[in-house]
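Construct the complete structure from the given sequences, taking the supplied hints into account.
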Amino acid sequence: MITDYSKTLGDLRKEETVRIQNEDQLYLRQKEANRRLSNAPSRKSCILCNCRIEGREFLHRNVSFIACAECGHIQSKALPPEGFPDELEGKEQFTKIYPKLGKDEFEDRKNRIYHPKLNWIFSALERSGYEKSELLKMRWLELGSGNGAFLSSLEDMGVKEYIGMEKEETLIKRSKTFVASERVSHSTGSLGEIIRTNQAEIICSFFVFEHDEKLSELINALKDCQSGTLLCFSVPMFGLSCLLENLAAERYARSLDAAIHVQTFTDESINYFLHSAGFQKIATWQFGQDALELRRILIPQSPEPGPHDKLSEKFSLSLDRIQTAIDKSDLSDQCHLIAKKV
64 MITDYSKTLG DLRKEETVRI QNEDQLYLRQ KEANRRLSNA PSRKSCILCN CRIEGREFLH
124 RNVSFIACAE CGHIQSKALP PEGFPDELEG KEQFTKIYPK LGKDEFEDRK NRIYHPKLNW
184 IFSALERSGY EKSELLKMRW LELGSGNGAF LSSLEDMGVK EYIGMEKEET LIKRSKTFVA
244 SERVSHSTGS LGEIIRTNQA EIICSFFVFE HDEKLSELIN ALKDCQSGTL LCFSVPMFGL
304 SCLLENLAAE RYARSLDAAI HVQTFTDESI NYFLHSAGFQ KIATWQFGQD ALELRRILIP
364 QSPEPGPHDK LSEKFSLSLD RIQTAIDKSD LSDQCHLIAK KV
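Residues in the sequence shown are numbered consecutively from 64, following my numbering.
Simulated from the structure, these hints should not be mistaken for lab results. Any given hint could turn out to be false.
To be verified - Derived Cβ-Cβ restraints for the label pairs, each shown as a range:
hint : residue 1 : residue 2 : range
1    : H371      : E245      : 48 to 58 Å
2    : T71       : R115      : 39 to 49 Å
3    : G369      : D171      : 25 to 35 Å
4    : L75       : Q262      : 14 to 24 Å
Unchecked claim - Result set (EDC-like, lysine to aspartate or glutamate): computed pairs, CA atoms no more than 16 Å apart in a straight line:
hint : residue 1 : residue 2
5    : K70       : D383
6    : K200      : D219
7    : K404      : D287
8    : K403      : E189
9    : K373      : D393
10   : K403      : E264
11   : K230      : E256
12   : K163      : E232
13   : K277      : E256
14   : K223      : E245
15   : K140      : D330
16   : K107      : E95
17   : K200      : E264
18   : K200      : E189
19   : K223      : E197
20   : K180      : D74
21   : K166      : D219
22   : K344      : D67
23   : K77       : D219
24   : K94       : E308
25   : K163      : E78
26   : K195      : E264
27   : K77       : D171
28   : K77       : E170
Just so it is clear, CB atoms sit at the ideal spot from N, CA and C, and this is done for glycine as well.
Below, the structure is given as structure tokens:
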């Protein structure tokens, strides 16, 4: 199996700056979400394996989580109520994660974040024995295509057959500014239903699975995929950032926040997911944002210059080296994977 590590954290500089600027607002929203979740009834079954939920319970920032004894998947003990957490503000949450972008902003984000994903997919598959010309001719499907940045990357690469499926109509409208209308479709169905009705040779999905409360249904749909189907995806991991969040309980939590993220994957649950779906892991790319979280927690932003400025600057220059050490220790807060249906 192919394993790659790390990438420069400078690619995330703009998103990190925006997150820090909005940290107080994000924390208050998160706090209210946690309060509502604490009043919700307990889960009866695991999101991933659908077994009766049993396992080790633990508190994370005063919210109860449980690691399923059957598959190792980590999830909130409480079952999120219908509409959670979007009803807190009455707006589509993902349209804030993907704000409206001008052409130059879109191209910048695509080149920093989505081109590297696609380049890695091609590189890893070519190292696994695939020809680039073969990959370009395959049918690609993206689950949760957002504002179309990955679809546009596929077009740039020369892929001929591809389509993105997205549930948020606002994001679909925005994506059609940058990709052809026929390349993106609205879907109100589950991820499993999308896979069953859109036959594809390569299925891609980036940071979507952790928002699905029907992962067992997704597994069943993947079981029915043809042999040789490729699955390229990324998910958040129970890594160092989850530990760092407990050091600063009065600060915004980015990883296991019990608002946007009420579940997260572990090595054990990823292996369960792929094995149950009949897929074999062929490549992983371990890189995270833990070093950015460490800096954010250890060195709070201050409007006034102080004695920590030089130390903060030295720390910032070391971020990539720190993150590489975290990634190579399998402690990163996310992972990109490629698996093949056997």
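Structure-based check of all given hints:
1. Restraint check, H371 to E245: a C-beta distance of roughly 53 Å satisfies the suggested window 48 to 58 Å.
2. A hinted range of 39 to 49 Å for the beta carbons of T71 and R115 is consistent with their spacing of about 44 Å.
3. The supplied range of 25 to 35 Å is met by G369 and D171, whose beta-carbon atoms lie about 32 Å from each other.
4. With their beta carbons about 34 Å apart, L75 and Q262 fall outside the hinted range of 14 to 24 Å.
5. Between K70 and D383, the direct Cα distance comes to roughly 8 Å. Compliance with the 16 Å bound is thereby established for this hinted pair.
6. For the given pair, K200 sits about 14 Å from D219 by alpha-carbon distance, which is consistent with the 16 Å threshold.
7. For the hint pairing K404 with D287, the CA-to-CA distance comes to about 10 Å; that is within 16 Å, so the pair holds.
8. For the suggested pair K403 and E189, the alpha carbons sit about 14 Å apart, so the restraint of at most 16 Å is met.
9. Between the alpha carbons of K373 and D393 the distance comes to roughly 30 Å, so the proposed pair goes past 16 Å and is violated.
10. Taking the CA atoms of K403 and E264, the gap is near 10 Å; set against the 16 Å cutoff, the hint holds.
11. Only pairs whose Cα atoms come within 16 Å are accepted, and K230 paired with E256 is accepted, the gap being roughly 13 Å.
12. For a cut-off of 16 Å, the pair hint linking K163 to E232 stands: about 13 Å separates their Cα positions.
13. Our distance criterion of 16 Å between C-alpha atoms is met by K277 and E256, whose separation comes to about 11 Å.
14. Distance check on the hinted pair: K223 and E245 sit about 13 Å apart at the alpha-carbon level, within 16 Å; holds.
15. For a cut-off of 16 Å, the pair hint linking K140 to D330 is broken: about 20 Å separates their Cα positions.
16. Note on K107 and E95: the hinted pairing is violated, with a Cα-Cα distance of about 24 Å set against a maximum of 16 Å.
17. With a C-alpha separation of about 10 Å, the suggested pairing of K200 with E264 holds against the 16 Å cut-off.
18. As the CA atoms of K200 and E189 are separated by approximately 14 Å, the hinted pair is consistent with the 16 Å bound.
19. Between K223 and E197 the alpha-carbon distance is near 11 Å, which keeps this suggested pair within the 16 Å criterion.
20. Proposed proximity of K180 and D74 is supported: the alpha carbons are some 12 Å apart, at most 16 Å.
21. A threshold of 16 Å between alpha carbons decides the hint, and for K166 with D219 the separation of about 15 Å falls inside it, so the pair holds.
22. A C-alpha spacing of about 13 Å is found between K344 and D67, which places the hinted pair at or below 16 Å, so the restraint holds.
23. Simply put, K77 and D219 have alpha-carbon atoms about 23 Å apart, too far for the 16 Å limit, and the pair is violated.
24. Among the hinted pairs, K94 with E308 is consistent with the structure: their alpha-carbon atoms are about 14 Å apart, no more than 16 Å.
25. Taking the CA atoms of K163 and E78, the gap is about 14 Å. The hint holds against a cut of 16 Å.
26. Of the pairs offered as hints, the one joining K195 and E264 holds, with about 14 Å between alpha carbons and a cut-off of 16 Å not exceeded.
27. A C-alpha spacing of about 10 Å is found between K77 and D171, which places the hinted pair at or below 16 Å, so the restraint holds.
28. With a CA separation close to 14 Å, the supplied pair K77 and E170 stays within the 16 Å bound.
Going down the numbered hints, you'll see the structure goes against 4, 9, 15, 16 and 23, while the others check out.
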